[in-house]
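Could you build the full structure based on these sequences and the hints that come with them?
Quick mapping for you: the protein sequence lines, in order, are chains X and A.
Quick note: the first sequence uses the numbering used here, first residue 47, plus one each step.
Quick note: the second sequence uses the numbering used here, first residue 41, plus one each step.
Simulated from the structure, these hints should not be mistaken for lab results.
Not one of these hints is a red herring.
Listed below are several chain A residues computed to face chain X (Cβ distance under 10 Å; list not exhaustive):
id, residue
1, Q135
2, F136
3, I258
4, S398
Predicted, not measured: the structure shown is a model, and the values here were computed from it.
A virtual CB, placed ideally from N, CA and C, is assigned to each residue, including glycine.
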Amino acid sequence: MTGISRREFSLLLGCSLLSPSLLANGKQSLFASAAKASNGAYELLVIDQAGRLHLRHELPARAHHIAAHPHKPLLAAVGRRPEIFIDVVNYKTKQLETRIRSAQGQHFYGHAIYSADGRWLISTENEIATGQGLIVIRDALHNYAVVQQFSSAGIGPHELKMMADGNTLVVANGGILTHPDQGRAKLNIDVMRPSLAYIDIKTGQLKEQVFMPEEYHQLSIRHFDINQTGRVVIGLQYQGDKTDDVPLVAFHTQGQPLALVRAPISTNMAMKQYCGSARFDKSGKVAAISAPRGNLITFWHADTQQFITSTTSRDGCGLAQTEKPEEFLISTGRGYCYRYNCQTQSKHKIKLNIPVQTAWDNHMSKILA
Amino acid sequence: MSLLSITRYSALSLVFLLNAPIAAAEISQERWLKLNQAAVNEHILPSYNALAEKSKTLAMASASLCAAPSEENLRNAEAHFIDTLNAWQGIQHVQFGPIELLMRNFTIQFWPDKKNLTSKQLNIILKNQDPASLEPEFFRTASIAVKGLPAMERILFADDALKQIEENPYRCQFLQSVSDYLVIQTDNTNKEWQEYKQEFSTLISEEGIYENAQEASIDIMKAQVEPLEVIRDLKILRPLGNKGKAKARRLESWRSKNALQNIQMNIQSLHHLYSGLKDYNLFQLLKEEGANDLADSIEQQFITIETTLGKIPTPLSLHLKEPKVKEQLLLIAQELKQLHESLDKTMPALGLQLGFNSRDGD
Chain X
47 MTGISRREFS
57 LLLGCSLLSP
67 SLLANGKQSL
77 FASAAKASNG
87 AYELLVIDQA
97 GRLHLRHELP
107 ARAHHIAAHP
117 HKPLLAAVGR
127 RPEIFIDVVN
137 YKTKQLETRI
147 RSAQGQHFYG
157 HAIYSADGRW
167 LISTENEIAT
177 GQGLIVIRDA
187 LHNYAVVQQF
197 SSAGIGPHEL
207 KMMADGNTLV
217 VANGGILTHP
227 DQGRAKLNID
237 VMRPSLAYID
247 IKTGQLKEQV
257 FMPEEYHQLS
267 IRHFDINQTG
277 RVVIGLQYQG
287 DKTDDVPLVA
297 FHTQGQPLAL
307 VRAPISTNMA
317 MKQYCGSARF
327 DKSGKVAAIS
337 APRGNLITFW
347 HADTQQFITS
357 TTSRDGCGLA
367 QTEKPEEFLI
377 STGRGYCYRY
387 NCQTQSKHKI
397 KLNIPVQTAW
407 DNHMSKILA
Chain A
41 MSLLSITRYS
51 ALSLVFLLNA
61 PIAAAEISQE
71 RWLKLNQAAV
81 NEHILPSYNA
91 LAEKSKTLAM
101 ASASLCAAPS
111 EENLRNAEAH
121 FIDTLNAWQG
131 IQHVQFGPIE
141 LLMRNFTIQF
151 WPDKKNLTSK
161 QLNIILKNQD
171 PASLEPEFFR
181 TASIAVKGLP
191 AMERILFADD
201 ALKQIEENPY
211 RCQFLQSVSD
221 YLVIQTDNTN
231 KEWQEYKQEF
241 STLISEEGIY
251 ENAQEASIDI
261 MKAQVEPLEV
271 IRDLKILRPL
281 GNKGKAKARR
291 LESWRSKNAL
301 QNIQMNIQSL
311 HHLYSGLKDY
321 NLFQLLKEEG
331 ANDLADSIEQ
341 QFITIETTLG
351 KIPTPLSLHL
361 KEPKVKEQLL
371 LIAQELKQLH
381 ESLDKTMPAL
391 GLQLGFNSRD
401 GD
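See below:
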């Protein structure tokens, strides 16, 4: 089944502007994440703010990010590199709706998003033969048939997000070449060229692209978030010498150069050259960047780009905004979730009601249920 | 193991086997607690206490040197510096607890210092001779590069150190101020551990840092395993250079000629943590779990590395370019890698995971 034509797709995209937050006003937040249970099983879990379990779905392999449908109770758990599955699960009926397989010769990179109207599922993928990054669009109304795919404008595309216009897709091209035959080995560290690309989702045309400056070309752009004003915050991962002292956070606004920033030197060193996740708070004024290798979560001002503070969190990586400004939910590989308020610097452990000890994976997604 | 704990253990593992199909053994929280207690009481607390005590003696020696600069007082201060450095090397692997607070670990020793920030910033301070830079207030906000062991090392082990101190007494005054600041850092770390040790004394905790004893053990296991990579990559391979061009100035503590001894202290301490704790240790735990060969092999690997290290001539900085020394160091790097792999193997056997996002993230 082909679903719809590419031309129809372009026309349909015009009506994707409805904001999901308007649809779900006043309802409770749920949080979804990939996880690994202590018996080794990979799962998709959904909890609420009180730590109650709402869904436990076993996945075929390890997933990375969970994309939430803006108004249906659907979650897309995206297999991490080099997996070839996305499980679309209904968290109300607890049923697997569809198991998407990537096309022959392609694999997923762990990230996907729904368009604002929920019609399309958009993912980053690898064209294995060429190593070039792809953006692939699937139709959620036609069993996730592929309707369009185009270049991500780089190698190793990872996280992707939509600007508030509903039309401009932002993609982090991590720059790292991998091939499934060689597992997760990095094949082009010497020549990698990470970038942030702004792409017109209707045409696939590149609207703007900012690259890492040459001296920092080994700083992989992996994870980012966008706030209400279109400001992008990026968490970086360094592939160069272990002793290099490099910036690990960047900010970007369309039309401007990339701004690389760093925490005070001791904190920057403690971050161990690796950021795992980047999320804005509800107000969009404060960004949290996790550094799981350094057991740290760092906080930054969106406007001034200044480092605010950090908090220790062992193997802490997943981040989500809560309903309160300056408050984040933090999940850890040790199996815990916390609410951390950046203003009061208070941390509250959420009492999880989950039958087995579970390692929370890279990302936590907030769902407006 | 007492009969009671055997019974309890068997009962637990039976329940466990029925419930979850895992190959790894279920080790009771009681046994993790026993391991934690031994590590804290016999290893961590005495090491931090030694570091605090050595720092105090060093501060006194620095004061004596400044009061009466002489060859004898300089040698005395240098000797106490080495004692303090060795004490630090014996606990450098612990990267959790009070040492994390305010980045004390980096404050005590900012290294590696690729851009030579310590020298650059220290030289400015020594040139300006601002009395305010000698005050505790200054140290609260000063760069971490100038308030720990590397700054002191540069003053004490400089060429003509004594002459320079005599000509510019400010050098010694600053040395003394850094030394006093180090005492505050190490003394506070030591004191705070008297409270922090409670975190390692509970089986299950609602409010503590660790949910249970096993989780607390993970931090101790990380301290056991992860430094091996740091020693290999930063203390050995980096000075050896990647194109066969050895660079002695990349060695840790090359000025005080303590690079090799630093590594020896690190290994000795990790070995002690592995099998030297009298009450209980990882070696014993592995044996109880039936991992006899692995336990013995790790013990043997520690001994082999110590033996190989013992054959290397000192000071390492003066011998680094000798082909035979390079060969020995490469051998040690290889042995450290094997030891790391062997210790990694024990983790699934013990049902532990040292890191999920931190070790295998994307």
